[in-house]
Amino acid sequence: MSKKLYYVSAFSKNIILSAIKDSFKKLSPKVLIKTPVMFVVEIGSVITTLIFIKDLFLHDFRYILFTFQITLWLWFTVLFANFAESISEGRGKAQADSLRKTKTEVIARLFKEDGKEEKIKASQLRKGDTIIAESGDTIPADGEIIEGIASVDESAITGESAPVIRESGGDRSAVTGGTKVLSDKIIIKITSNPGENFLDKMISLVEGASRQKTPNEIALNILLVMLTALFLVVVVTIEPIAGYFHGYISPVILVALLVCLIPTTIGALLSAIGISGMDRLVKYNVIAMSGKAVETAGDINTLLLDKTGTITFGNRMAVSLIPSDGSSVNELADYSQLSSLSDETPEGRSIVALAKKYGFRGRHIDENNIEFIQFSAFTRMSGVNILDKNEQIRKGAVETIIKFVEQNKGVVTDNIKKIAEEISKQGGTPLAVAVNERMLGIIHLKDVVKGGINERINSLRKIGIKTVMITGDNPLTARTIAAEAGVDDFVAEATPETKMAIIKKEQSMGRLVAMTGDGTNDAPALAQADVGVAMNTGTMAAKEAGNMIDLDSNPTKLIEIVEIGKQLLITRGSLTTFSIANDVAKYFAIIPAMFAPILPWLAPLNIMGLSSPESAILSAVIFNAVIIIILIPLALKGVKYRPATASSILTRNLLIYGLGGIIAPFIGIKLIDIAITFLHLV
Amino acid sequence: MTYTGILQILIVLLAMIAAAIPLSKYLAHVFQCEPTFLDGIISPLESLTLKFLKVNRNQETDWVQYLKTGIIINFLMLTIVYFILRFQNFLPFNQMHYPGIPWALDFNTAISFITNTNWQNYGGEEVLSNFSQMALVFLQFTSAATGLVFAIAFIRGFIRHEAKYVGNFYVDFVKAVYRLFLPLAIIFAVIMLWQGAPQTFVMQKKVTNITGVKQTLSVGPVASMVSIENLGTNGGGFYDANAAQPYENPNPFTNALTIFMMGTIPIALFLMYGVMIGNKKHAWTLFAVAMTLLIVCLAVVYSQEAHGNPLLAKLGANIHISKNSPGGNMEGKQEHIGIAQTSLFATATTAFTTGNVDSAHDSFMPLSGMVLLSEMMLNLIFGGKGVGLLNMLTMVIIGVFIAGLMVGRTPEFLGKKIEAKEVKLSTLAIFAHAFIILIPFAIAIAIPAGLAGILNPGPHGLSEILYAYTSTVANNGSAFAGLNGNTLFYNISLGLTIFFGRYIPIICQVAIAGSLIKKKRIPESAGTFPAHGALFYVVIMATILLVGALTFFPALALGPIAEHFAMVKGHLFY
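Protein chains in written order, with this note's numbering: chain G, 1 to 682; chain R, 1 to 574.
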């Protein structure tokens, strides 16, 4: 993959510093109320702070050290949560800043109807204006080339430094504001108003400014709020119970218990997980138009994969050489290579490369002695004439070459035709090679399936995703490729309408469908699909229809996108489980501790053997705060995801985050208790 | 614990399961409008009733209308019974001229019976006329049917897709009464009659017993009440002492039969759910979850009771099994029934939220008391009519939601996506249950009116109040005893907790059905984790223990658990 120019690491010094600053800014209740769980913690912190101040002024120093430490750690809990969110946002902001740098004020050359030019600011351009851009100019806004062809440097958007060709007409006519014309001159019709350009959208997307909560996030948030409310009820009942036993429990301890019980861990990390999910896509050079799209990607049941570019390299390549009865493989390789020396098509190059395997490399041929015969639609063959040897080497479709041989009074055995037929049957393309009257043999050209695609499709099947290959090829060729790639289904002789039909059919059965596309005629299907990934090289119409844009224009990435979507949900689910499972240990730490003076019989519940009631409560609160910091990297990186069946993924995560979530705090709280006792903190 | 004890328990449990399997298939046929063997007798009756009610049986309604109809009808019946009890002195079958029931007690009793709770702040034989008793029997049929049909509506939320209508309340309700409760109640009433339960309109009978002493016996239509009381998991008995009174529960056989009556239908409903959704494996997995919980609870109760109180042993009480003594903790138990069956009865009556008792739960060992409390706090170990299944499925939705996220898909369950709305309503149902138990409990222990009711100090007194609110909210109705509930404070507060504890979760749950029924069905794939088998079992069990039980841990720790540890240290609370 090419280097991503604007991708920034999360843990750079600048980001950490500004995240720390933001953590304090986010203490404002207006901001914090959006994370209800943490808002409750903040209210708790305020209460204990007030109690601390009251004790200080009333010179009541009995518990002041304890109160002070609890208060401190409660504030840390809120700050840690804010920090988690800030740091995940920080990366997006830094990326947005680096994008913004490319968005300098550009002077546009407005092209008037009378043929004259006028220089105006890019910000004055409106949809429908026509402009001229020449080599060296930065394209001022998104538009479509209506005249000309140019090579354009799109690295500002894609990070890819190699220039791309843009030309009027067809599917390569779109240009993006902020990219630079390297050569030639084009006339562009502007398609968007200032502020609505692709670059603007991208900045706001990576910055997270337009981030909205996704459906699953909303549902999870409800669960967390309800759990918080539930534990609030639990804690509220504690004081009357103490009163019933003629005791009294300090509000500081009640707040500590509440904060430990409510799901602070997941509450603190929830938005960081969401933001970093979008971020991971950016790392793969994919821009998602909404968080919902990322989440939907995880739910996909059916993937429509274009054969060309996704499953195969898209060009036929020489894979084997089959000599005729009267010739050897080496001879065939030699002449095949000679015939292709001037053939700059991918097929021709692949023949040269294949011949190299037979030891034919680095040949020097006197240019005066050779005459290249280019392919023409009329002759339907190409090749070379070696003048001194009087050799006419030709390659082309089998029928044509047979005619050529027969014209030279040669004889062609039926075997050649059989071989050719066999290759066709397998979905390949036979190419015959002859020299003068001799038929040398056949080159087997084949659409080559990308390395590793088979494993990818298998792993998709494992997680329950059906793959459908779409191709314009005939059914025979399609079947061969489909079998080789291992896709579940294929559609041959497909038209753009076919995609739409398949999507609708799958959706009617309740399945969610993802596809990639780039052409204008893909746009309706991209819009209909649940996840439509538009290639950045594609038309504006396609980009607008899709809900994701792949800046690398690599359709295989659809698979990664699905995985990122899944990973996002898994991370949320796992940390929720962890957070809830933690409560068991916290109960065992706090309940016997808080009732120690009132119900001394409860001592056997102190199964961790914590040294004192104060230390038990403080340890639980510290654990609760510190675990947030410890889990930030996990939230940003996401829980490890390996394609497997739902059952095995669940088993694994239940063991790590469920069982682990029960055990970890027992160990953690005990260790903190030992440290506290050692340091005489209470 | 003895082998015969364990054997007795096993026989009853196996009999319940064996009977539940055919019953579940029958019930699935009934509610899916498929032919059954009783059609010949019941269909005409049913049609006649529906015609009388002017109900078009083919006209279904959406969930709001279904729920509204159910609640309005409940309220109507509540009002009627309230006035019957209030003015029983003007009504027939009151030879003893019992006065009308005071308003607060009446309020409590009427609510208690319309909600399948059957919390009784009165002694039936001392205050109720036979007419009033029979009015309560009427509610015992209808309240059980109400819970059941709401569960049916919920199940339809899964089996119907992109639909709107959950069914016709009247049709389902009439079916539940005519095709399930009435036939069974008749059969079991006859059996109880044969075993010695009275069935007469006479209220009191003067007899001379074998020692020559003249005695007045309270009698009435007991057998008919005992059968529906248990079949409908109502639990409200004719007599103050419920099944600890020999006329309601004459012998060990009727004791076992009573347990059988309580448990068979709730178990059958779990299995019926499997038949209706076409996924029996899933239903059997939920059955396994509930059965595990039941057996663990039973094991604790039985072992605690069989072991007895070590402090009493120090004082010379014989707590060991011998020829002349059953050993263990026999306080508050009937000798002819014994520890094994009493333990099973207590575990069953709290699991199936019946509330009928054959012993004094107050006298159980602290940890046994804790188990009985926990069963009602969870309220999903098969549970009461329909409600247990609803609560289990509510918990399943939460579990599936979290587990679903963990496999990387928008959580789905039985082909339906679990989204914000379902999560909101499920958590609300669970929250309401906990809130309505804990907050009134906290108020009761903080004010003199609440504390006045308890008989024991310390953690045990705490358990007594906790038990009252848990039992009422769970619509169980069993009492820990040891709490005087017939005070203004308890009549009103318990009446309210019964009311809200019943209807708020049900409203949430039927609303979930309304949301699910609209959804498309998502085909299963390797990406969806199966809703059956060991893994699903673990997920649901963990959810129940972490979400359901953790909520109540402090209250339990400070009540029964504290009492247990105090006992170990040598403290008793009396």
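Just so you know, not all the hints are guaranteed correct.
As the list claims (entries may be wrong) - Keeping only pairs whose Cα atoms sit at most 20 Å apart, straight-line, the calculated SDA-like set for lysine to any residue is:
id, chain 1, residue 1, chain 2, residue 2
1, R, Lys424, G, Ile218
2, G, Lys213, R, Ile321
3, G, Lys504, G, Pro524
4, G, Lys292, R, Lys421
Keep in mind the hints are simulated off the structure, nothing from the lab.
For the pair supplied as a hint, Lys292 of chain G and Lys421 of chain R, confirm whether the alpha-carbon distance does not exceed 20 Å. holds (17 Å)
Measure nothing beyond the straight line between the CA atoms of Lys424 of chain R and Ile218 of chain G; if it is 20 Å or shorter, mark the hint as holding. At roughly 10 Å apart (the allowed maximum being 20 Å), Ile218 of chain G and Lys424 of chain R satisfy the hint.
Assess, step by step, whether the Cα of Lys504 of chain G is no farther than 20 Å from the Cα of Pro524 of chain G, and give holds or violated. holds (11 Å)
Is the Cα-Cα distance between Lys213 of chain G and Ile321 of chain R 20 Å or less? Since the Cα atoms of Lys213 of chain G and Ile321 of chain R sit roughly 64 Å apart, the hinted pair is violated (cutoff 20 Å).
Hint violations for this structure: number 2 only, all remaining hints satisfied.
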